[in-house]
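Novice: The sequence shown begins at -3 in the numbering used here and counts up by one.
These are computed hints drawn from the structure, not numbers from a lab.
For every residue, glycine included, the Cβ atom is placed at its ideal position computed from N, Cα and C.
Treat the hints loosely; a few may be bogus.
[To be verified] Below 20 Å or equal to it, Euclidean Cα-Cα: the simulated PhoX-like pairs (lysine-lysine) are:
hint, residue 1, residue 2
1, K170, K159
2, K305, K355
3, K71, K266
[Unchecked claim] Distance ranges between label pairs, derived from CB positions:
hint, residue 1, residue 2, range
4, T353, E204, 28 to 38 Å
5, G367, T161, 44 to 54 Å
6, M268, E204, 42 to 52 Å
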Amino acid sequence: MDRRGFVRSMAFAATAGMFSGCYRRPSRTSVLHYGNGCRLAPVLLSPDREIRTVVGLRPFRPSGFVVRGEKLGEKLIIHNYGHGGAGITLSWGTSQLATALLPTERPGSVAVLGCGAVGLATARLLQERGLRVTIYASDLPPNTTSNVAGGQWFPFDVFDPGKQTPLFMEQFMKATEFSYRRYQTLVGARYGVRWLRNYSLSNHMFDETGFEGKQGPIRNFLPELRDLSESEHPFSGYRFVRQYDTMFIEPPIYLNAVLTDFRLAGGSVKVMHFDHASQLQELPETVIFNCSGLGARALFSDQDLTPVKGQLTVLLPQPEVEYAAFTEDLYMFPRTDGILLGGTFEIGEWSLTVNETAKSRILNGHRDLFGTFRGCRPS
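Construct the entire structure; sequences and hints are all you get.
Specialist: Next up, the structure:
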């Protein structure tokens, strides 16, 4: 399923079941000042601009992420995993839900499994509650799945339509709102968080109850949402163009900054791999937060957890490109470390090998997209 198809169908199920609701650097935090999209700079695509292709596995569950407590021998395990393609987006929100499950008699110290976006957000919120925290992880930044993420703040690819429960949708909306508010406190160069203009391109009318819709469940989190006329944008070949603003998180900057905050607050990090849940009994902490992502499938025998392979080809940075763009099966994100081109959604695929066929499709598709800009070249 393509990106927009997933977003539309996911939103339909959600709303039906639950809501029947001048360029400046280096800070990249300037106010979005451009009045129309015809001033956009095109992405430059040529073979000699390609610098790398990266692959990551999204931890996807058809029924959505898991936030709940579970007794395991003498330990209390509080799960916080299975975010699909929205791990960075929802990390603060689901971590807020998870930390609220702490027992009344709070322990002096707790453990967190995993050091990606979810594990780090959980650890920081626990520290804010006055607890001593140790992170146990086999991979640290820059080698986590979160480091491979594009970084757009948008809660998509989280569950299968029709598989979620009303309780889950309540959690989902609470997590979305909390994360949206929390990330706004992190906007700036230190955390690599900024506001970014998005352009959604289609030859089909937008579903107004969908996640990009004017009556959609996350409408309040998409400021500046409006449709553009043909004279207001440079994207030729698309009947419908919708703009909205979202926050954009640069994982290499953000993850390092939050990890630094964690350590400065007295947190401890131990590189450790667990093959079986029984090994957790050896940890000194009695309360353990499971933020192990796809690793929870083996560690806690969650067979509903499945990988969704994502692949990004990265081009040399273009400081003048200050917007994101999406079509039915393509997307482009601008970062300080490069222009990211996607995308792929290979459900059930465990391979981390680059899919050359998908790579060619992505590059050729973006070449067609940006090679037909209508007179909007930078002056």
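Novice: Now tell me if each hint is right for this structure.
Specialist: Okay, the hints, checked on the actual structure:
| no. | hint | in the structure |
| --- | --- | --- |
| 1 | K170 <-> K159 | holds, 19 Å |
| 2 | K305 <-> K355 | holds, 13 Å |
| 3 | K71 <-> K266 | holds, 19 Å |
| 4 | T353 <-> E204: 28 to 38 Å | holds, 35 Å |
| 5 | G367 <-> T161: 44 to 54 Å | holds, 46 Å |
| 6 | M268 <-> E204: 42 to 52 Å | holds, 48 Å |
Checked against the numbered hints above, the structure breaks none of them.
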